[in-house]
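So the sequence lines, in the order shown, correspond to chains A and B.
Going by this note's numbering, the first sequence opens with residue -4, and the numbers climb by one from there.
Going by this note's numbering, the second sequence opens with residue 2, and the numbers climb by one from there.
Each hint should be verified, as a subset may be incorrect.
Here are the computed lysine to any residue pairs in the SDA-like style, where the Cα-Cα straight-line distance is at most 20 Å [said to hold, decoys possible]:
{"no.": "1", "chain 1": "B", "residue 1": "K144", "chain 2": "A", "residue 2": "N55"}
{"no.": "2", "chain 1": "B", "residue 1": "K144", "chain 2": "B", "residue 2": "I12"}
{"no.": "3", "chain 1": "A", "residue 1": "K407", "chain 2": "B", "residue 2": "Q64"}
{"no.": "4", "chain 1": "A", "residue 1": "K130", "chain 2": "A", "residue 2": "H162"}
{"no.": "5", "chain 1": "B", "residue 1": "K83", "chain 2": "B", "residue 2": "Q161"}
{"no.": "6", "chain 1": "A", "residue 1": "K407", "chain 2": "B", "residue 2": "Q161"}
{"no.": "7", "chain 1": "A", "residue 1": "K407", "chain 2": "A", "residue 2": "L169"}
{"no.": "8", "chain 1": "A", "residue 1": "K407", "chain 2": "B", "residue 2": "L40"}
{"no.": "9", "chain 1": "A", "residue 1": "K332", "chain 2": "A", "residue 2": "A44"}
{"no.": "10", "chain 1": "B", "residue 1": "K81", "chain 2": "B", "residue 2": "E35"}
{"no.": "11", "chain 1": "A", "residue 1": "K130", "chain 2": "A", "residue 2": "N147"}
{"no.": "12", "chain 1": "B", "residue 1": "K144", "chain 2": "A", "residue 2": "G396"}
{"no.": "13", "chain 1": "A", "residue 1": "K407", "chain 2": "B", "residue 2": "P39"}
{"no.": "14", "chain 1": "B", "residue 1": "K83", "chain 2": "B", "residue 2": "E168"}
{"no.": "15", "chain 1": "B", "residue 1": "K144", "chain 2": "A", "residue 2": "V56"}
{"no.": "16", "chain 1": "A", "residue 1": "K130", "chain 2": "A", "residue 2": "M292"}
{"no.": "17", "chain 1": "B", "residue 1": "K144", "chain 2": "A", "residue 2": "L445"}
{"no.": "18", "chain 1": "B", "residue 1": "K81", "chain 2": "B", "residue 2": "D131"}
{"no.": "19", "chain 1": "B", "residue 1": "K144", "chain 2": "A", "residue 2": "C398"}
{"no.": "20", "chain 1": "B", "residue 1": "K81", "chain 2": "B", "residue 2": "P20"}
{"no.": "21", "chain 1": "B", "residue 1": "K144", "chain 2": "A", "residue 2": "G58"}
{"no.": "22", "chain 1": "B", "residue 1": "K83", "chain 2": "B", "residue 2": "R33"}
{"no.": "23", "chain 1": "A", "residue 1": "K46", "chain 2": "A", "residue 2": "P285"}
{"no.": "24", "chain 1": "A", "residue 1": "K332", "chain 2": "A", "residue 2": "E108"}
{"no.": "25", "chain 1": "B", "residue 1": "K81", "chain 2": "B", "residue 2": "Q50"}
{"no.": "26", "chain 1": "B", "residue 1": "K81", "chain 2": "B", "residue 2": "D164"}
{"no.": "27", "chain 1": "B", "residue 1": "K144", "chain 2": "A", "residue 2": "D393"}
{"no.": "28", "chain 1": "A", "residue 1": "K407", "chain 2": "A", "residue 2": "S68"}
{"no.": "29", "chain 1": "A", "residue 1": "K46", "chain 2": "A", "residue 2": "A434"}
{"no.": "30", "chain 1": "B", "residue 1": "K144", "chain 2": "A", "residue 2": "H57"}
{"no.": "31", "chain 1": "B", "residue 1": "K81", "chain 2": "B", "residue 2": "D58"}
{"no.": "32", "chain 1": "A", "residue 1": "K407", "chain 2": "B", "residue 2": "E44"}
{"no.": "33", "chain 1": "B", "residue 1": "K144", "chain 2": "A", "residue 2": "R59"}
{"no.": "34", "chain 1": "A", "residue 1": "K407", "chain 2": "B", "residue 2": "G63"}
{"no.": "35", "chain 1": "A", "residue 1": "K407", "chain 2": "B", "residue 2": "P20"}
{"no.": "36", "chain 1": "A", "residue 1": "K407", "chain 2": "B", "residue 2": "N38"}
By construction, these hints were calculated from the structure, which means they are not laboratory data.
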Amino acid sequence: MAEVTATNTGAPRTTGVHHDAGEPRHSVPGHPGAGPNPAPKGAGVDLSALKADFPLLERNVHGRRVVYLDSASSSQRPQCVLDAMDAYYRTTHANVHRGVYAMAEEADRLFEEARVAVGRFVGATDPAHEVVFTKNATESVNLVAATWGRANLHPGDAVLLTDMEHHANIVPWLMLAEERDLELRWMGVDDGYRLDLSELDRLVDGVKLVACTTMSNVLGTVTPFARIAEAAHRAGAVVLADGAQSVPHLPTDVGALGCDFLAFSAHKMLGPTGIGVLWGRRELLEAMPPFLGGGGMIRDVRHDGFTANVLPWKFEAGTPPIAEAVGLGAAVSYLEKVGLDAVHAHEVELTAYAQRVLAERFGDDLHIFGPAGTEDRGGVLSLAYRDVHPHDLAQVLDQAGVCVRAGHHCAKPLMRHLGVNATARASLYLYNDRSDVDALADALAEAGSLFG
Amino acid sequence: MSGLEDLYREIILDHYRSPRNRGELDSPPARRVEGFNPLCGDEVVVYVQVEEGTVRDIRFAGQGCSISQSSASLMSSAVKGKSVAEVRDLIRTFKAMMSVHEARLGDGDSARAANGSAPDDGDAVPVDPDALGELAALQGVVKFPVRIKCATLSWNTLAQGLDEAEEGAAPVS
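Let's have the full structure, built from the sequences with the hints guiding it.
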């Protein structure tokens, strides 16, 4: 694994002055699974007690305990994140960047503290300037396409994508390719559900941009991003990482990844919806034109033009998601207290357990679209069960309280490669435990008897 | 699991496992119409052959969930040999059975149904279960609003095919 964080120094941050938000009830230090073998039972990192921090997971669905296995789509939030946002609205809210009164200054400070905390979380060396708040990871990619892309990509220029990308890291480039007459190249996926690097040097030759996911939202595959970035940089290309799937689950260091841009969303990492992050290398961000126009992103406005604000506000037009930033800051604080190494180790153990249990109970009736084993793999399990349509499977699972996603997962080029219209996807996070996997297996068995 | 029993009735599972009229027809003379449900990636291709105002033959192809596939199969059995007018009545009745919930989902078709601007999609049609026969087995779908589009996919596609067939037949050629 290329991503090794060395940046989580100092005391974990809390969201501010209001209260002692979010001490996880159990904070277990751990080490990442170093190899393909899962930690033996009892020796792995057990985070299952963390489930109690997540109030939503106490609810019932159809009279059954909810079993939430859709975190690759959106995670749930711990109480401390809810408390931080609630406390912000109850005690502090004012618009940022404008007020001179005490409360506005407090809001400003909380907002900027969250920015720095999020930047440090991914290893940013200059988080106060390099972290731009957006609406979500999708908007982060669109920002790069609309600003860096329009300024730097010209007819005939080539962009390299991969067959593993989410639509969020495809469609912005398709749109720009249409506008600018760009050449799009695609790195394929091999039979082991990994990126086919055999043509890497040829594919990066002459490209201006490589935009690649760090982890597939369908297969769970952790991509060899650092290797791809190195080849891309040798070829003179700029490199964008879609970190939406890996940042919540793996220690992340933008320096070790070797990316120039990193996009991710708060709502997949225990934070609120409505806020995402674009990290970018400062010199690139400095040179880029602004994205959306409006208040906050300007230094001066005249009849005949405007002067853009400095980083990072140049890219943040209008009132930003302030409470959401506070919530994201609390989520980052929570994740740091648990430790991303521990989160990853927990998911490795649980993924191995799921692979074993599903294989034992269903054998060849069940196929997992994703790498065998747990090496360079996250806890995303895309399932095909006999010939039961994923939509039917998800419906039966729902009746058992088991929440999985059925469909193309916003990755249609990958689905075409896999030769299926849809899969049923179960995805794991730090609050899941073996009982959730058991509930999934039980519900699959029920589906089997119904559609037998 | 009582809700599921409403959804996956035996007739539905039977048509899913052993679909009727699955296949293709030569086009022309048959009309070939494609329908898609982007929600789940389901796709259906309906081949409908209209002669002298009657649905002489119908086939369907494509892939999808048990609801979309069984609905297409049940539909094909129900409409074959009926007059176009009778089939349009049936489409209206079937969609009325689904319409309360579908109107809330707000796609183009259901928006038209809600507005009442398209005569085929009138929403005031009383549902007569006897008129639906085996199709009434699909009424459990309305308890699962996201699945309604699965059930109506082939019907909307057939309606489009009938429209095209009539447009194509109108000019003397």
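The hints, checked one at a time:
Proposed proximity of K144 of chain B and N55 of chain A is supported: the alpha carbons are some 19 Å apart, at most 20 Å. For the hint pairing K144 of chain B with I12 of chain B, the CA-to-CA distance comes to about 17 Å; that is within 20 Å, so the pair holds. Annotation: proposed proximity of K407 of chain A to Q64 of chain B holds, straight-line Cα distance about 16 Å (limit 20 Å). Proximity of K130 of chain A to H162 of chain A is assessed by CA-CA distance (about 16 Å); at most 20 Å being required, the pair is judged to hold.
Among the hinted pairs, K83 of chain B with Q161 of chain B is consistent with the structure: their alpha-carbon atoms are about 17 Å apart, no more than 20 Å. Restraint check: the Cα-Cα separation between K407 of chain A and Q161 of chain B comes to about 26 Å, which exceeds 20 Å; the hinted pair is violated. Proximity of K407 of chain A to L169 of chain A is assessed by CA-CA distance (about 14 Å); at most 20 Å being required, the pair is judged to hold. Using a Cα cut-off of 20 Å, the hinted pair K407 of chain A and L40 of chain B holds, with the two alpha carbons roughly 12 Å apart.
Distance hint between K332 of chain A and A44 of chain A is fulfilled; the C-alpha atoms sit about 14 Å from each other, no more than 20 Å. Of the pairs offered as hints, the one joining K81 of chain B and E35 of chain B holds, with about 19 Å between alpha carbons and a cut-off of 20 Å not exceeded. Between K130 of chain A and N147 of chain A the CA atoms are separated by roughly 24 Å; this puts the pair beyond 20 Å, and the hint is violated. Pair hint K144 of chain B plus G396 of chain A holds up; C-alpha atoms about 17 Å apart against a cutoff of 20 Å.
Between the alpha carbons of K407 of chain A and P39 of chain B the distance comes to roughly 11 Å, so the proposed pair stays at or under 20 Å and holds. The straight-line distance between the Cα atoms of K83 of chain B and E168 of chain B is roughly 19 Å, inside the 20 Å bound, and the hint therefore holds. Of the pairs offered as hints, the one joining K144 of chain B and V56 of chain A holds, with about 15 Å between alpha carbons and a cut-off of 20 Å not exceeded. Between K130 of chain A and M292 of chain A, the direct Cα distance comes to roughly 15 Å. Compliance with the 20 Å bound is thereby established for this hinted pair.
Note on K144 of chain B and L445 of chain A: the hinted pairing holds, with a Cα-Cα distance of about 19 Å set against a maximum of 20 Å. At most 20 Å may separate the alpha-carbon atoms for a hinted pair to count; K81 of chain B and D131 of chain B meet this at roughly 18 Å. With a C-alpha separation of about 18 Å, the suggested pair K144 of chain B and C398 of chain A falls inside the 20 Å cut-off, and the hint holds. Distance hint between K81 of chain B and P20 of chain B is fulfilled; the C-alpha atoms sit about 14 Å from each other, no more than 20 Å.
Note on K144 of chain B and G58 of chain A: the hinted pairing holds, with a Cα-Cα distance of about 17 Å set against a maximum of 20 Å. The straight-line distance between the Cα atoms of K83 of chain B and R33 of chain B is roughly 19 Å, inside the 20 Å bound, and the hint therefore holds. Proximity of K46 of chain A to P285 of chain A is assessed by CA-CA distance (about 42 Å); at most 20 Å being required, the pair is judged violated. Under the criterion of a C-alpha separation no larger than 20 Å, the hint pairing K332 of chain A with E108 of chain A is consistent with the structure, at around 17 Å.
For a cut-off of 20 Å, the pair hint linking K81 of chain B to Q50 of chain B stands: about 9 Å separates their Cα positions. Proposed proximity of K81 of chain B and D164 of chain B is supported: the alpha carbons are some 17 Å apart, at most 20 Å. Between K144 of chain B and D393 of chain A, the direct Cα distance comes to roughly 14 Å. Compliance with the 20 Å bound is thereby established for this hinted pair. For the given pair, K407 of chain A sits about 16 Å from S68 of chain A by alpha-carbon distance, which is consistent with the 20 Å threshold.
Restraint check for K46 of chain A and A434 of chain A: satisfied, since their Cα atoms lie roughly 16 Å apart, inside the 20 Å limit. This hinted pair checks out: K144 of chain B and H57 of chain A have alpha carbons roughly 13 Å apart, not beyond 20 Å. Restraint check for K81 of chain B and D58 of chain B: satisfied, since their Cα atoms lie roughly 6 Å apart, inside the 20 Å limit. With a CA separation close to 14 Å, the supplied pair K407 of chain A and E44 of chain B stays within the 20 Å bound.
Pair hint K144 of chain B plus R59 of chain A holds up; C-alpha atoms about 18 Å apart against a cutoff of 20 Å. Distance check on the hinted pair: K407 of chain A and G63 of chain B sit about 17 Å apart at the alpha-carbon level, within 20 Å; holds. In summary, the hint linking K407 of chain A to P20 of chain B is not supported, as the alpha carbons are separated by about 27 Å, beyond the 20 Å threshold. The hinted pair formed by K407 of chain A and N38 of chain B meets the criterion: a straight-line CA distance of about 14 Å does not exceed 20 Å.
Violated hints, in rising order: 6, 11, 23, 35; the structure is consistent with all others.
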